[in-house]
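Peer 1: With the sequences and hints as input, model every part of the structure.
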Amino acid sequence: MAGPVPIEDARLISRLRAADRGALDELWVSWRAPTWAVCRGMGGEPERARALFDDIQAQLPGAVRGWSLESPVCCQLSRLVWRRLEARLELPRPAGIEASVPARTATPSRDEVARRLSRVPPELRVIYLLDVFYRCPARTLAALSGWAELEVRKARAAVAWALVAEEGP
Amino acid sequence: MSLDRSTVLAMLPCFACGDLPPEQAALVRAALDQDPELREHLAHLHGAMAACEEALGEGALGEGGGDGARPPVSVAEAPVSELERPVRPAASAPPLRVGAALLGLAAALLLSIGTAATVLGPRPVDALAPNHALAAAADAPGFITQSDPAALSIALRAAGVEPGQAGVGDLSFMGLRLVGGMKAPGDRPGSILVYERDGQRFVCQMYGGEASQGAPAALATVGGHLLRAYQAGPTSVVVWEAFGMICLFSGELPAQELLAVAIQRVGGPAAEG
Numbered sequence: 001m002a003g004p005v006p007i008e009d010a011r012l013i014s015r016l017r018a019a020d021r022g023a024l025d026e027l028w029v030s031w032r033a034p035t036w037a038v039c040r041g042m043g044g045e046p047e048r049a050r051a052l053f054d055d056i057q058a059q060l061p062g063a064v065r066g067w068s069l070e071s072p073v074c075c076q077l078s079r080l081v082w083r084r085l086e087a088r089l090e091l092p093r094p095a096g097i098e099a100s101v102p103a104r105t106a107t108p109s110r111d112e113v114a115r116r117l118s119r120v121p122p123e124l125r126v127i128y129l130l131d132v133f134y135r136c137p138a139r140t141l142a143a144l145s146g147w148a149e150l151e152v153r154k155a156r157a158a159v160a161w162a163l164v165a166e167e168g169p
Numbered sequence: 001m002s003l004d005r006s007t008v009l010a011m012l013p014c015f016a017c018g019d020l021p022p023e024q025a026a027l028v029r030a031a032l033d034q035d036p037e038l039r040e041h042l043a044h045l046h047g048a049m050a051a052c053e054e055a056l057g058e059g060a061l062g063e064g065g066g067d068g069a070r071p072p073v074s075v076a077e078a079p080v081s082e083l084e085r086p087v088r089p090a091a092s093a094p095p096l097r098v099g100a101a102l103l104g105l106a107a108a109l110l111l112s113i114g115t116a117a118t119v120l121g122p123r124p125v126d127a128l129a130p131n132h133a134l135a136a137a138a139d140a141p142g143f144i145t146q147s148d149p150a151a152l153s154i155a156l157r158a159a160g161v162e163p164g165q166a167g168v169g170d171l172s173f174m175g176l177r178l179v180g181g182m183k184a185p186g187d188r189p190g191s192i193l194v195y196e197r198d199g200q201r202f203v204c205q206m207y208g209g210e211a212s213q214g215a216p217a218a219l220a221t222v223g224g225h226l227l228r229a230y231q232a233g234p235t236s237v238v239v240w241e242a243f244g245m246i247c248l249f250s251g252e253l254p255a256q257e258l259l260a261v262a263i264q265r266v267g268g269p270a271a272e273g
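Listed in order, the protein sequences are those of chains Z and G.
Numbering of the first sequence is given in my numbering, commencing with residue 1 and proceeding in unit increments.
Numbering of the second sequence is given in my numbering, commencing with residue 1 and proceeding in unit increments.
Simulated from the structure, these hints should not be mistaken for lab results.
These figures come from a predicted structure and were not determined experimentally.
Positions of the beta carbon are idealized from the N, C-alpha and C atoms, including for glycine.
In silico negatives: residues of chain G with every beta carbon more than 10 Å from chain Z:
no. : residue
1   : S2
2   : D4
3   : A26
4   : L134
5   : G199
6   : Q256
With the Cβ distance kept under 8 Å, some of the chain G side facing chain Z (calculated, not the full set):
no. : residue
7   : C14
8   : L45
9   : M49
10  : P163
Each pair of labels, with its calculated beta carbon distance range:
no. : chain 1 : residue 1 : chain 2 : residue 2 : range
11  : G       : A30       : Z       : E167      : 26 to 36 Å
12  : G       : G175      : Z       : Q59       : 42 to 52 Å
13  : G       : Q200      : Z       : G22       : 42 to 52 Å
14  : Z       : I7        : G       : G186      : 15 to 25 Å
15  : G       : Q34       : Z       : G22       : 49 to 59 Å
16  : Z       : D25       : G       : P185      : 20 to 30 Å
Peer 2: Structure below.
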């Protein structure tokens, strides 16, 4: 799915499957910040983001026991995050994704990015955020989610171009 | 074989993420070599990713929001202090918030191997200088030779690098070829990446924590971020902190000129200090 699984990931997953509490903490210490960032991007308001985050954290101990030894930790965690966000936010599956390339681009400020992200449909926004904070390959995300790889790539492109499109004066 | 421009544009966001099959990435890279506008688009895509990390990532560390914006620490509810950034001395600069993905923005993270040790002297990055030559040789124990950024990122995590420090920028749009990387030696968590251009190797170092303070030759703020430039002979070094990590950039330019390059990488209007 994503090539060889790093040996450290395989060891950690083995411990997680064995309900090793220390492994769970280890996992969460490493990934809580990216997870929180994704929740912030999806939830908007801090309270809502916190609810999403708490939900993912609550689901984690049960989810990790079923994790595969054939996929990296980041990918399996991103799948959990994605699925919980889909469920909590009732994200629809995109019917069609248009990724139009702007004529001119510019690097947005962080405030501008936040503003533009909030205008992006959440079912596409989640893909971009998982890219930025989990860095999972599109092929892996597709395999884990049931989306077509092309859909994942189109979603990524649609959001990416929307963020850098230079707006007129 | 080459790709038409519209195809390259369609692939550019995935290229920016380091998520194209090697053969497709090579074709996009070739197109970038020929087309400065494409390179500009790519730089903006990288910039947007950095801005996104910056916009959403800082709250994860308990800044920029009240308790409601702060996540729980761990499943086991470890001490809240684990989440906090180190407290700066009162006399130091304000916290810097540059997205971790900026680490992939080329020159802003590069240290010139041949000059770093002599340039840095008693400066904030002095203790890191010995790692430059070590990594540049690309044969140190634990060095991972890997030219694919995504694969190297995974390999670095497997080697024990923390996820937040395992990002690998694709700097091919600047003509920099990825050689490989390694976990930073010693007790300080970090990662080291090595790039090559025209036979010269460049090293990016990323560490957790903060750089010690020193009197810089020039300062600039970019979008609220503070960049410090240090001058030593013909070479200068720009230092800033990004997402809880230290970023370094050096070159054989006067401090002000190097600072201008770093400002371009970070983006946005700058207020000279």
